[in-house]
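Asks: Given next are the chains, with one letter for each unit.
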Amino acid sequence: MEDSLSAQSMKKDIYTEEFLINMGPQHPSTHGVLSLECRLDGEIVMDCTPHLGYLHRSMEKIAENRTYTQFIPFTDRLDYVASINNNLGYCMTVEKLLKMEVPERAQYIRVIMAELNRIASHLIGIGAFAQDLGAFATPLFYGFRDREKILEIFDEICGNRLTYNYIRIGGVQSDFPEGLDKKINEFIKYMKLKIDDYDQLLTNNAILLARSKNIGCLSKEVAINYSITGPNLRASGIRRDIRKDAPYLVYDRFEFDVPLGANGDAWDRYKVRVEEIRQSLRIVEQAIHALPPGNPTSKANRIHKPQAGEVYVRTENPRGELGFYIVSDGSATPYRLKIRGPSFSNLAVLPELVKGLKIADIICILGSLDIVLGEIDR
Amino acid sequence: MINLIKNFITGSISLLKGLLVTLKNIFAPTTTIQYPTQKLKMTERYRGLVDLRRDKCISCLQCVKICPTACLALTSKLTEEKKKALESFTYNMELCCFCGLCQQVCPTSAIYMNKIYEVTTYDRKKLYINLLDPEKYVAWTSAVPK
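First to last, the sequence lines map onto chains A and B. Residue numbering for the first sequence follows this note's numbering, starting at 1 and increasing by one per position. Residue numbering for the second sequence follows this note's numbering, starting at 1 and increasing by one per position.
Hints are computed from structural coordinates only; laboratory data are not their basis. Cβ atoms here follow ideal geometry from the backbone N, Cα and C, with glycine treated the same way. There could be a bad hint or two in this list.
If you anchor each label on the Cβ, the simulated ranges turn out as follows [as the list claims (entries may be wrong)]:
#, chain 1, residue 1, chain 2, residue 2, range
1, A, Pro293, B, Glu135, 29 to 35 Å
2, A, Asn22, B, Ile58, 56 to 62 Å
3, A, Ile62, B, Phe27, 46 to 52 Å
4, A, Asn65, B, Leu78, 28 to 34 Å
5, A, Met46, B, Leu23, 42 to 48 Å
6, A, Lys338, B, Leu23, 47 to 53 Å
7, B, Thr10, A, Ala262, 32 to 38 Å
8, B, Glu94, A, Glu221, 18 to 24 Å
9, B, Leu20, A, Ile62, 48 to 54 Å
Partner residues aside, some chain A positions facing chain B, computed with beta carbon under 8 Å [said to hold, decoys possible]:
#, residue
10, Cys38
11, Ser58
12, Gln70
13, Pro73
14, Asn160
15, Ile207
16, Asp257
17, Glu352
Take these sequences, add in the hints, and give me the full structure.
Replies: Okay, structure coming up:
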């Protein structure tokens, strides 16, 4: 009796209050310049508000002053981890506006490049997630090592390693150099072995499970209400992949599965990415064997003047649904260009997920959402 | 207490499994190179700095028109044989985004991108390059692997 009384009086004596801290904008775990304003009660997160805009470069306005071809290099800088996919989304939108046909070989090459870039992007996602959980450097550098093989292939095809500027309106920049099919096949063989390594090192690791299982559970309703797309949505158990639901390019000719998660927790989001690497390898393997002959290149120096009108095209980016909306007034430059970045809505759900959890879980959840700030701020 | 021991054992087992992977990688061939002493050869299509084959240029202005960041500028005059001759051709490396559109649109492949990739300097003026100067990249050629 006396003990509980003294405990109560003790509690009264200690003065407690909520604590407001800023995580970022310069923080290694925020994956870029993102600032999270967290309201804490001890170690428990009461509320979290993301502040954006540190990387704003006014991409949409820049587009209004560039010709359709000139804007392609700028799309590289949106989601700089998966540049080819951005190029692809933009060029497909302009092609739809121009009602342009793309050679079949170019379509196959686009699929191969986009899927390879998806693997590269997921490798960074996995590595950075493990790094955020405290597996310092090792998984991240394994990811970078395997990504390097893809970058070497890209370097040979388009001459650059990060901002590829490869896909052109009506085709691609250049055909595959000779002997590249062999190199890609070698990479597929290499990567298939390495994914098993990742499984052994990370997927079923007890520490990773303890840190990420049942953390940041994203329910189906919340995911749909926040318009989450991509691996984060599929981790919640919703089968939605634009490559399957509304196939673009030649995706309907390939066999691949859509990996799904069960609970929508951080581990599921990680696991879906690992499985997606496997599926992407399957697509690349099928595409490289079915590569038709022909000339996939298109001339860059043509000035495109589409008819007045508007068009919206969505593609499956590694992070979700990337949409480009272009309004044309018949001139050589877009009248308005709107980019729907998947990372933006994926980040928007963060305050919903972290409420009531510990502060260390913010980093885990943010890592599992796999955002790229270049795309959020544009 | 029993849970604690259980957790300790499962944790140790998965730690050992992970260590097995890292052990395997210790004996794998190295993937890195010792950079300043060892250098990679750039690929055939590598996009380095913009360079010019002066005799091939026909002053058609295609590269200037396509450049998304307007980093190229050229002027030309008509010669007595009514051909365009280059007067000046400047390249602002500060603005260049290395997209390679200029080399793709050039009808005579006069403008191309070379293999120089170590492009840092303390002097901003060095980034404004006169492409007609034959010795423009001499100071940076040490960056090209021998």
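Asks: Each hint: holds or not?
Replies: Outcome of the hint check:
1. Distance hint check: the CB atoms of A:Pro293 and B:Glu135 are about 45 Å apart, inconsistent with the given range 29 to 35 Å.
2. In this structure, A:Asn22 and B:Ile58 meet the distance hint of 56 to 62 Å, their C-beta atoms being roughly 57 Å apart.
3. Between A:Ile62 and B:Phe27, the C-beta spacing of about 50 Å keeps the proposed range 46 to 52 Å intact.
4. Take A:Asn65 and B:Leu78: their Cβ atoms lie about 32 Å apart, and the range 28 to 34 Å holds.
5. Our hint of 42 to 48 Å for A:Met46 and B:Leu23 holds, since their Cβ atoms are close to 44 Å apart.
6. Distance hint check for A:Lys338 and B:Leu23: the Cβ-Cβ separation is about 51 Å, which falls inside the suggested range of 47 to 53 Å.
7. Distance hint for B:Thr10 and A:Ala262: a CB-CB separation of about 21 Å, inconsistent with the stated range 32 to 38 Å.
8. In this structure the hint that B:Glu94 and A:Glu221 lie 18 to 24 Å apart at CB is violated, the actual value being about 50 Å.
9. Between B:Leu20 and A:Ile62 the Cβ separation comes to about 50 Å, which falls inside the hinted range of 48 to 54 Å.
10. Proximity of A:Cys38 to chain B is violated relative to the hint, the smallest CB-CB distance being about 29 Å (cut-off 8 Å).
11. For the restraint placing A:Ser58 at the interface with chain B, the shortest Cβ-Cβ distance is roughly 14 Å, beyond the 8 Å limit, so the hint is violated.
12. Annotation: interface hint on A:Gln70 holds; nearest CB of chain B at approximately 4 Å, less than 8 Å.
13. Because the smallest distance between the Cβ of A:Pro73 and any Cβ of chain B comes to about 4 Å, under 8 Å, the interface hint for this residue holds.
14. With 8 Å as the threshold, the beta carbon of A:Asn160 comes within range of chain B, its nearest partner Cβ sitting at about 5 Å, so the hint holds.
15. A hinted interface residue such as A:Ile207 counts as satisfied when its beta carbon comes closer than 8 Å to some beta carbon of chain B; here the least separation is about 6 Å, so the hint holds.
16. The restraint placing A:Asp257 at the interface with chain B is violated, with a minimum CB-CB distance near 26 Å, outside the 8 Å limit.
17. About 30 Å separates the beta-carbon of A:Glu352 from the nearest beta-carbon of chain B, more than 8 Å, and the hint is not met.
The structure is inconsistent with the numbered hints 1, 7, 8, 10, 11, 16, 17, although it conforms to all the rest.
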